[in-house]
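Chemist: Listed below, chain by chain, are the residues.
Number of protein chains: 2
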Amino acid sequence: MKNASQSNAAAKVREELENAIAWGEFAPGSRLDETALAARFGVSRTPIREALQQLAAAGLIEIRPRRGATVAVASPERLYEMFEVMAELEAMCARLAARRVSAEGLAALQSAQAQCARNRDDPDAYYAANEAFHQAIYRLSGNGFLASEAASLQKRLRPYRRLQLRVRNRVQTSFSEHESIIGHLEAGDGEAAAAALRDHVRVQGERFSDLVASLAQLNAA
Amino acid sequence: MKNASQSNAAAKVREELENAIAWGEFAPGSRLDETALAARFGVSRTPIREALQQLAAAGLIEIRPRRGATVAVASPERLYEMFEVMAELEAMCARLAARRVSAEGLAALQSAQAQCARNRDDPDAYYAANEAFHQAIYRLSGNGFLASEAASLQKRLRPYRRLQLRVRNRVQTSFSEHESIIGHLEAGDGEAAAAALRDHVRVQGERFSDLVASLAQLNAA
DNA sequence: ATGTCCGCTCTTGTATACAAGAAAAAGATT
DNA sequence: AATCTTTTTCTTGTATACAAGAGCGGACAT
Chain A
0 MKNASQSNAA AKVREELENA IAWGEFAPGS RLDETALAAR FGVSRTPIRE ALQQLAAAGL
60 IEIRPRRGAT VAVASPERLY EMFEVMAELE AMCARLAARR VSAEGLAALQ SAQAQCARNR
120 DDPDAYYAAN EAFHQAIYRL SGNGFLASEA ASLQKRLRPY RRLQLRVRNR VQTSFSEHES
180 IIGHLEAGDG EAAAAALRDH VRVQGERFSD LVASLAQLNA A
Chain B
0 MKNASQSNAA AKVREELENA IAWGEFAPGS RLDETALAAR FGVSRTPIRE ALQQLAAAGL
60 IEIRPRRGAT VAVASPERLY EMFEVMAELE AMCARLAARR VSAEGLAALQ SAQAQCARNR
120 DDPDAYYAAN EAFHQAIYRL SGNGFLASEA ASLQKRLRPY RRLQLRVRNR VQTSFSEHES
180 IIGHLEAGDG EAAAAALRDH VRVQGERFSD LVASLAQLNA A
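Heads up: the protein sequence lines correspond to chains A and B, in order. For the first sequence, position 23 (counting from the first letter as 1) is numbered 22 according to numbering that gives the first Met the number 0, and the numbering increases by one without interruption. For the second sequence, position 100 (counting from the first letter as 1) is numbered 99 according to numbering that gives the first Met the number 0, and the numbering increases by one without interruption.
Worth flagging that the hints you see were computed from the coordinates, not collected in a lab. C-beta atoms are modelled at their ideal positions from N, C-alpha and C, and glycine is treated no differently. Hints may contain errors.
[Said to hold, decoys possible] Simulated restraints, written as ranges between beta carbons of each label pair:
no., chain 1, residue 1, chain 2, residue 2, range
1, A, 42, B, 30, 23 to 31 Å
2, A, 123, B, 76, 32 to 40 Å
3, A, 98, B, 75, 13 to 21 Å
4, B, 109, A, 38, 50 to 58 Å
5, A, 38, B, 113, 17 to 25 Å
6, B, 106, A, 203, 46 to 54 Å
Let's have the full structure, built from the sequences with the hints guiding it.
Modeler: In structure tokens, the structure reads:
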């Protein structure tokens, strides 16, 4: 599914930085010093800079001329906006998936959901399984471009979404919402599946306050 | 609205390359030689490479390791997918815009439409005015993130969309569709505006064959 | 004439050297 | 003592030098 190890160093650096940001090693706002990164990865500044350019274009970091790179920091408003778009993209995936769903497709989805079930107790593991579940839906949409755009936005939201699952009962709720999404897809009801997925992803009401709270926690660390 | 002239050379190169690709100077599939570009822009290969990395991350070009950069070439299927996503994003903009539209907002939209009217005879000029019209709607959505994502996809579709307007009567049709979109927004009918914009953007039926035809024309040149 | 193998060239990928702006530190002035 | 100014240092931006893989062409064999 993913082109594993690129031959060039810049691509490797890019991927490792993505992970480091996703898992919170570099929190939003932290500075990314080129020389330090070069030392860390055992390469010169050149491939580091190329990786940073790509990450900036993807929106994960921000480069201000002559002032270096920092991990992108999203305001609560911007975060709300991003989740609103993500919700709509995923809803679109569901709508399309309902029309084109096949036996193998549903099997893949259910296997991803089973993986979620197995990791109910560990938020980080559940997070990974949850990502796979959503990506399965992206693929089921049958629209490859949509799938890659959704995955890219998913990546961009990683630093924040990961924390979301630490909220009390959120894992359990998420899991049962998955169930109902699967149900709508099995029934071939695209609009219901879309609505369910939209609500599943969207942050509104108390979930928004939860998000802002985790944001504060993240900035404190 | 846009941060005009960046201080660094790489950003300038990036912007110029974007335009060159948009206006067809580099057709999809053409090779982008680093040394040649360096000579053209009067800089070394370093800023050229940085610009290319960014363009690749944005999806406008493709870099294959050790084999150089080429302008991204989209298959008809992929192109259909991209327009499908674009249509949905713009529909979302319209839905949100209908809720938040103000007098100034509508005025901005109508002024953009007037600009379209003034350029009905010149496809290239109409194309620019049309882009402004759509961007006005992005902004009216009130969701800044959505607006920037839509603009980014718009940029990515430029090489193809520009040709679309050369199809017989397309400019006229496009213009009157704009009128009806404005009407729905004035009426505050989000769903109708969304549907109208979705159909306006989507390529289906004969418009898809038109697109494939212009694609072939583009590859021949 | 066609196909294959080997070497050459040309382009990309990485490292290093140098230039210039920004932050930080030291000094001067009130 | 505090603030403004100047100088120093540190980091980024760009250029150049070097290494290595990919493509091309010629020589050779069939």
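Chemist: For this structure, which hints from the list above don't hold up?
Modeler: 5 and 6
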